[in-house]
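Asks: For reference, the chains in residue letters:
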Amino acid sequence: AQTVTQSQPEMSVQEAETVTLSCTYDTSENNYYLFWYKQPPSRQMILVIRQEAYKQQNATENRFSVNFQKAAKSFSLKISDSQLGDTAMYFCAFMSPRGSQGNLIFGKGTKLSVKP
Amino acid sequence: EAQVTQNPRYLITVTGKKLTVTCSQNMNHEYMSWYRQDPGLGLRQIYYSMNVEVTDKGDVPEGYKVSRKEKRNFPLILESPSPNQTSLYFCASRYGTAGEQYFGPGTRLTVT
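Quick note, the sequences are listed as chains X and E, same order. First residue of the first sequence? That's 1021 in our numbering, and the numbers climb one at a time after it. First residue of the second sequence? That's 27 in our numbering, and the numbers climb one at a time after it.
No lab work stands behind these hints: they were computed from the structure. Since the structure is predicted, the reported quantities are computational estimates derived from the model, not experimental observations. Just so you know, not all the hints are guaranteed correct.
[Said to hold, decoys possible] These stretches of chain E come out as covered by chain X in the derived footprint (C-beta under 8 Å, 3 or more residues):
1) 28-34
2) 37-50
3) 114-125
[Stated by the list, open to error] To be clear about the criterion: a stretch of chain X counts as covered by chain E if any three or more of its residues have a C-beta under 8 Å from a C-beta of chain E, and this derived list gives those stretches:
4) 1063-1073
5) 1124-1134
All residues carry an ideal CB built from backbone N, CA and C; glycine is no exception.
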């Protein structure tokens, strides 16, 4: 069974600095998808970034980028120029397109606080 | 606007009183699912549906029922709620097996 591990329950960063959130996963599959979701105090789940395992190039979305290391099964999120609005829970998630369930497997989350 | 809606957003109820949380999407997605979120556990899938009249259990289905009579709606039913079902519930939908998953705003349920 696939598992997703986020080893940092809480992190903090000063505004305008860079922070990296860690995520590792376990799977025997070769084709899959990885995601980072942001959950602000409003509780809404917001997709931050998505990576397809067959793509070697790391995904980037504005200030958010990932370091995808397939062999190491690592998928870290880097937030550059941190802003107060980045304060939220961040969840790493795994999805396999095989089978009918297509379940998103979530890590337990990292609570990020951006300090002024 | 493409969206997933859930109602109610907040619900406090008592043990054993049947309740339904509705979920509706306007994107013509085949795939819909329900998750529950608990502190320290992340989100876990309760049930999912691949299309109308096709539903199956996720990782934590005990105590829940679902139905999919129309493509846009996927209600979650708690026939006899218990305090361990106090949680934050999310409905989600997507197109196909690998499309982006869209989440509803969440329903905070408290069972006393």
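Asks: Look at each hint and say if it fits the structure.
Replies: Now for the hints, and whether the structure bears them out:
{"no.": "1", "hint": "28-34", "result": "violated (count 0)"}
{"no.": "2", "hint": "37-50", "result": "violated (count 0)"}
{"no.": "3", "hint": "114-125", "result": "holds (count 6)"}
{"no.": "4", "hint": "1063-1073", "result": "holds (count 5)"}
{"no.": "5", "hint": "1124-1134", "result": "holds (count 5)"}
In this structure, the earlier hints numbered 1 and 2 are contradicted, and the remaining ones agree with it.
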